[in-house]
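Enquirer: Kindly generate the complete structure, drawing on both the sequences and the hints.
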Amino acid sequence: MTETKEQQLFFMRWAIQLGEKGRLTAPPNPWVGCVLVKDGEILGEGYHIAPGHPHAEAVALKQAGPLAKGATAYVSLEPCAHQGRTPPCTQILIEAGIKKVVIPFPDPDPRVSGIGIEALQKAGIEVVTGIAEAEAEHSLLPYLHHRRTNFPYCVLKSAMSIDGRTAAVDGTSKWITSEEARQDVQLLRAQSQAILVGSETARLDKPQLTVRAFETKQPLRVVIDSEGKVAPEGPLFDPTLAPTLVFTTSQTWKKEGIEVIRLPKVTLQAVLEELGRRDVMQLLVEGGAMLHAAFLKEKRAQRFCLYIGDCVLGPEGKPLIPDLPIATMEEAPRWNLEGVHRFGSSIRLDYQL
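According to the working numbering, the sequence shown is numbered sequentially starting from 701.
Errors might be hidden in some of the hints.
Derived BS3-like pairs (lysine-lysine); straight-line CA-CA distance at most 30 Å [stated by the list, open to error]:
| # | residue 1 | residue 2 |
| --- | --- | --- |
| 1 | Lys1018 | Lys999 |
| 2 | Lys705 | Lys738 |
| 3 | Lys874 | Lys822 |
| 4 | Lys800 | Lys738 |
| 5 | Lys954 | Lys929 |
| 6 | Lys822 | Lys857 |
| 7 | Lys857 | Lys955 |
Simulated from the structure, these hints should not be mistaken for lab results.
Expert: This is the structure in structure tokens:
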């Protein structure tokens, strides 16, 4: 029995939802799901939990057992054909007697791209592509962006008052948004492999920048301190909480347990190249406003998560983006609003940049 297009969409969306279960723990691997189907019945399903653990295809095949022979595998990304921490997924699909593999698109990783499809087809397995492409792209955006560009997928995060201020005139900003919104920020952190702040945020706010609401590996905390003005004190520089990396030009910046990269000039290009080499797929840029402006001016960010609280801070409060000169409406950038979410008395606007 051949599944209809509607059935193919249903099972692929199921695989994508399964993959999302590994979103916080699978990186630097992609969070992939797999569903095995025969005659319209699901025989096995699985997702990739973490590096070194079985891939989604292996989990689903183990669940299905001998029934997998002749089944169709719906996988939310092209199966790998290379030996890594685990055996190639193409080989175990072939050995299990799978007759068809359905995927949304090829994996852009050069170790996989098209090679998995070719290996399956050579073994006589039919490969169908183009199913639920938009949903799979949305789910895997950080992974896909990293593999296509070698740069992290950069998410700017900021909170502002109803009148567009990020802090009161005296610099205080705790708390503009609701407790529910701050819990949502914890999820954003958990989904990111690194969190970036500038020197002013590090110096004035003394943030901790750790994940405190989810069971996951702590992201790398990254500080741009070009001139070495930040004193290495407080929770941000406590290596027992999470690792910290500092980019600076200073030859004297030093603290035990903190990694320092010294550059002739600290640029976003150099920072993002280094984080890309470290397999940071999603970078959460938490501030401050000058750093956000730099990302926007250089077109380095892919997404802006803007939280709006229920307070008013007045005309002398600190503006959202103070250093982004725009002379006319013709010069004003237009962002694509992708989603609106409510968290108690606050909302979050998600913009694609």
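Enquirer: So, for every hint listed, does it hold in this structure?
Expert: Quick rundown of the hints versus the structure:
| no. | hint | result |
| --- | --- | --- |
| 1 | Lys1018 - Lys999 | holds (23 Å) |
| 2 | Lys705 - Lys738 | holds (15 Å) |
| 3 | Lys874 - Lys822 | violated (60 Å) |
| 4 | Lys800 - Lys738 | holds (10 Å) |
| 5 | Lys954 - Lys929 | holds (12 Å) |
| 6 | Lys822 - Lys857 | violated (46 Å) |
| 7 | Lys857 - Lys955 | holds (28 Å) |
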